[in-house]
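Number of protein chains: 4
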Amino acid sequence: MNKSRVEAFTDAVIAIILTIMILEFKTPDSAKLSAIFPQIPYMISYAVGWLFIGIAWYNHHYMFTKTKVVTRKIFWINNTWMFTTSFIPVATAWIGRNLNAQGPEIFYAIVYFLWSLAYAYLTHAIAKANEEAGHTEIATSIRDMKIYRFLTNWKFVGAEIIVWVLILIFMPRLQMLLIAFQVIFVGGNVNQDSDKLFS
Amino acid sequence: MNKSRVEAFTDAVIAIILTIMILEFKTPDSAKLSAIFPQIPYMISYAVGWLFIGIAWYNHHYMFTKTKVVTRKIFWINNTWMFTTSFIPVATAWIGRNLNAQGPEIFYAIVYFLWSLAYAYLTHAIAKANEEAGHTEIATSIRDMKIYRFLTNWKFVGAEIIVWVLILIFMPRLQMLLIAFQVIFVGGNVNQDSDKLFS
Amino acid sequence: MNKSRVEAFTDAVIAIILTIMILEFKTPDSAKLSAIFPQIPYMISYAVGWLFIGIAWYNHHYMFTKTKVVTRKIFWINNTWMFTTSFIPVATAWIGRNLNAQGPEIFYAIVYFLWSLAYAYLTHAIAKANEEAGHTEIATSIRDMKIYRFLTNWKFVGAEIIVWVLILIFMPRLQMLLIAFQVIFVGGNVNQDSDKLFS
Amino acid sequence: MNKSRVEAFTDAVIAIILTIMILEFKTPDSAKLSAIFPQIPYMISYAVGWLFIGIAWYNHHYMFTKTKVVTRKIFWINNTWMFTTSFIPVATAWIGRNLNAQGPEIFYAIVYFLWSLAYAYLTHAIAKANEEAGHTEIATSIRDMKIYRFLTNWKFVGAEIIVWVLILIFMPRLQMLLIAFQVIFVGGNVNQDSDKLFS
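Chains as they are written, first to last, in our numbering: chain D, 1 to 199; chain Z, 1 to 199; chain L, 1 to 199; chain F, 1 to 199.
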């Protein structure tokens with residue numbers, strides 16, 4: 001497939017998903033500054049959503065810059081991954097009304113879980129396709145991405161699920177903190193060569 | 001015309017059409033997880049719409065990567081095709097309220113029919129323009145696309161219309177299944193060389 | 001300036017303007033097919049808006065593919081032109097509620113008039129900048145575009161204004177027809193070489 | 001990083017932020033032309049927002065065309081800058097309801113202040129990264145941009161803050177004028193070589 005067109009299409013979809021979140025930010029009817037305060041929970045979940053999608057884009061961009069192969073299968077997993085990403089604005093909007101309510105927090109956790117699954121599978125498929133095409137080095141550097149190593153580390157995933165369930169039961173509002181923490185420390189760490197300028 | 005700019009413009013329009021469908025996903029007022037259940041019909045029609053537009057983009061991308069010619073006529077048929085595509089979010093939203101209601105299902109069928117017509121004509125025009133410019137091989141591979149062969153196979157189209165009318169009369173909800181089935185088996189099959197990386 | 005980035009930015013803005021018009025298409029609460037009929041006026045104004053913006057993009061694309069120069073001044077006139085274009089969805093939405101009401105039709109006419117002014121000035125500035133940079137041939141082919149020749153033909157503009165005022169006074173609904181007619185016959189005619197594939 | 005993909009992503013996000021502002025322009029229920037008059041305050045704040053984001057894009061485009069380096073750090077500051085930009089439509093919408101109300105005007109001033117901070121830091125980081133990579137000349141021309149020189153001129157910033165506070169206390173409506181004035185005279189002045197066509 002035409003790699004740059006798939007990238008451009010993905011970029012457009014992610015950019016729109018990122019930006020439509022602001023549409024949920026309702027301007028107050030009142031003209032008092034304090035009328036904006038009830039929007040603070042949404043502002044928090046919006047900031048977390050932006051961070052999340054920003055880091056996702058960064059990792060995605062690194063992976064696609066590296067890959068020499070874009071097969072039909074990769075295109076479809078990529079599409080599925082974008083589909084799960086498109087639920088983040090919905091989950092963000094719902095959670096933004098009440099940061100401590102169990103319902104929206106569980107919904108967010110489900111979206112997050114499906115998103116992780118899709119992302120891990122996408123990484124796996126891209127690495128494998130490059131390997132099969134003889135680009136072993138590229139496959140290795142894609143599999144070396146911290147986000148992928150965590151998503152496929154069953155000890156880490158197991159511990160995470162336990163923490164997550166406890167949080168959802170006892171203190172749902174902690175989830176936003178947990179996600180922010182995780183995307184920064186896991187997703188934010190990309191291989192050293194990500195700083196280089198690829199043309 | 002400047003092919004890459006027409007592609008970029010089409011990509012942007014399709015990406016937006018794809019993504020605004022999520023805006024119809026209303027977050028519940030209640031904070032109970034069960035409050036999301038009434039959205040399940042919309043989730044189904046949203047998934048079908050995403051699949052549909054994804055496959056459409058994939059076929060379109062293949063065809064445009066191949067073509068050596070983009071005439072004014074092709075631009076206008078392409079525009080008309082995007083115009084019909086822009087009704088998919090509307091049809092998806094309406095159907096998402098009641099998967100088994102005849103009204104929205106007929107509306108969806110009309111959109112689907114007009115879309116198919118526009119797509120078949122676009123393929124025809126691109127193949128013909130390439131032929132006239134001496135690129136017979138390209139014309140052949142574009143006409144060989146499964147989606148085009150089905151859309152121009154009158155036996156298939158005839159049988160389909162009969163099935164469709166029966167479904168709309170007796171069990172409208174089956175239409176989503178029919179569309180999902182069809183886009184996967186007809187639209188999802190692109191020529192073997194679609195996996196190769198065109199730069 | 002970096003021409004391709006200005007083009008990409010313009011394309012994105014125009015694609016969004018084009019596509020958000022569909023958001024005004026309200027899905028009926030009722031599940032009867034006939035519930036879609038009250039949307040027919042909007043469908044008409046939407047079709048005209050799509051045609052209008054499509055033709056505008058086509059002419060703009062031709063002009064930008066030709067130009068060798070993109071100055072700061074051109075960037076700003078281009079921005080102003082996009083600003084006037086951004087009112088088309090608003091005018092389209094308002095007119096779509098009542099095709100024969102004078103208020104929305106006058107508003108549409110004002111938007112159309114300002115848009116034409118901005119477009120003519122943009123063409124003028126691009127032609128002039130190319131001329132000053134020694135690309136006389138390009139300047140000539142840009143000035144030769146039918147849309148520009150009509151917008152700067154005072155007899156034509158004068159006659160048009162008279163017809164327009166009469167229509168707005170006596171039969172506002174004719175305006176959509178007049179615009180459709182005009183964009184097709186004036187805007188749709190681009191120089192012969194627009195069919196050639198520029199890389 | 002892949003500079004052109006970061007640019008394309010930024011362009012898409014900015015284009016969407018720019019364009020969704022028109023969604024706040026509510027079409028009147030009435031069909032009288034005068035029914036559009038209550039929208040005039042929004043039209044003013046919309047025009048200022050468009051001017052603001054247009055100038056921001058112009059400066060950003062200049063800076064990114066020049067830079068030879070896009071590091072992870074720059075990517076994240078760029079993302080933060082886009083995040084602050086995404087609040088402009090919200091502030092614009094709120095202010096558009098009542099140009100003279102203190103609450104929305106203070107909110108706008110906060111957004112403007114955070115935006116300036118993010119933009120100045122982005123410029124600083126890009127200049128520094130280029131310097132460290134040995135491109136001293138590029139670093140100098142980026143630091144020479146008028147917008148950066150004003151944002152880091154403490155006398156100017158100090159005077160501005162005083163004027164701003166006085167305006168917010170005594171005549172909030174003046175803020176739109178102050179912003180328009182400032183973006184035109186400070187942001188609109190880019191280095192002389194911005195007119196040259198970079199490929």
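One thing to keep in mind: the hints can contain errors.
30 Å max Cα-Cα, derived DSSO-like pairs, lysine-lysine [claimed, not checked]:
{"id": "1", "chain 1": "Z", "residue 1": "K73", "chain 2": "L", "residue 2": "K146"}
{"id": "2", "chain 1": "Z", "residue 1": "K3", "chain 2": "Z", "residue 2": "K26"}
{"id": "3", "chain 1": "F", "residue 1": "K68", "chain 2": "L", "residue 2": "K3"}
{"id": "4", "chain 1": "Z", "residue 1": "K68", "chain 2": "L", "residue 2": "K26"}
{"id": "5", "chain 1": "L", "residue 1": "K155", "chain 2": "L", "residue 2": "K3"}
Which residues of chain D face chain Z? A partial, calculated answer using Cβ under 7 Å [what the hints assert, rightly or not]:
{"id": "6", "residue": "A12"}
{"id": "7", "residue": "N98"}
{"id": "8", "residue": "L99"}
{"id": "9", "residue": "I106"}
{"id": "10", "residue": "F107"}
{"id": "11", "residue": "K146"}
{"id": "12", "residue": "F150"}
{"id": "13", "residue": "W154"}
Covered stretches of chain F (in silico footprint by chain L; criterion: 3 or more residues with CB under 8 Å from a CB of chain L, positions within the stretch not fixed) [claimed, not checked]:
{"id": "14", "region": "3-14"}
{"id": "15", "region": "33-41"}
{"id": "16", "region": "47-61"}
To be clear, the hints were calculated from the coordinates, so they are not data collected in a lab. Predicted, not measured: the structure shown is a model, and the values here were computed from it. Built from N, CA and C at the ideal position, the CB exists for glycine as well.
Status of the hints after comparison with the structure:
The hinted pair formed by K73(Z) and K146(L) meets the criterion: a straight-line CA distance of about 17 Å does not exceed 30 Å. About 38 Å separates the Cα atoms of K3(Z) and K26(Z), which puts this hinted pair outside 30 Å; it is violated. The hinted pair formed by K68(F) and K3(L) meets the criterion: a straight-line CA distance of about 18 Å does not exceed 30 Å. At most 30 Å may separate the alpha-carbon atoms for a hinted pair to count; K68(Z) and K26(L) exceed this at roughly 40 Å.
Restraint check: the Cα-Cα separation between K155(L) and K3(L) comes to about 35 Å, which exceeds 30 Å; the hinted pair is violated. The interface hint given for A12(D) is met, as the beta carbon of that residue sits about 4 Å from the closest beta carbon of chain Z, less than 7 Å. Hint on N98(D) holds. Least Cβ distance to chain Z is approximately 5 Å, under the 7 Å limit. Because the closest C-beta pair between L99(D) and chain Z is about 10 Å apart, greater than 7 Å, the hint is violated.
Interface restraint check: I106(D) against chain Z, minimum CB-CB distance 5 Å, threshold 7 Å, status holds. This hint holds: F107(D) has a C-beta 6 Å from the nearest C-beta of chain Z, less than the 7 Å allowed. Evaluation of the K146(D) hint against chain Z yields a violated restraint, the C-beta minimum of about 27 Å exceeding 7 Å. Interface hint at F150(D): violated, since its Cβ lies 27 Å from the closest Cβ of chain Z, which is beyond the 7 Å cut-off.
Interface restraint check: W154(D) against chain Z, minimum CB-CB distance 27 Å, threshold 7 Å, status violated. Counting residues of the region 3-14 of chain F whose CB falls under 8 Å from any CB of chain L gives 5; the rule of at least 3 is met. A stretch counts as covered by a chain when three or more of its residues have a beta carbon under 8 Å from one of that chain; for the region 33-41 of chain F and chain L the count is 4, and the coverage holds. Check result for the region 47-61 of chain F against chain L: holds, 6 residues qualifying (beta carbon to beta carbon below 8 Å, three or more required).
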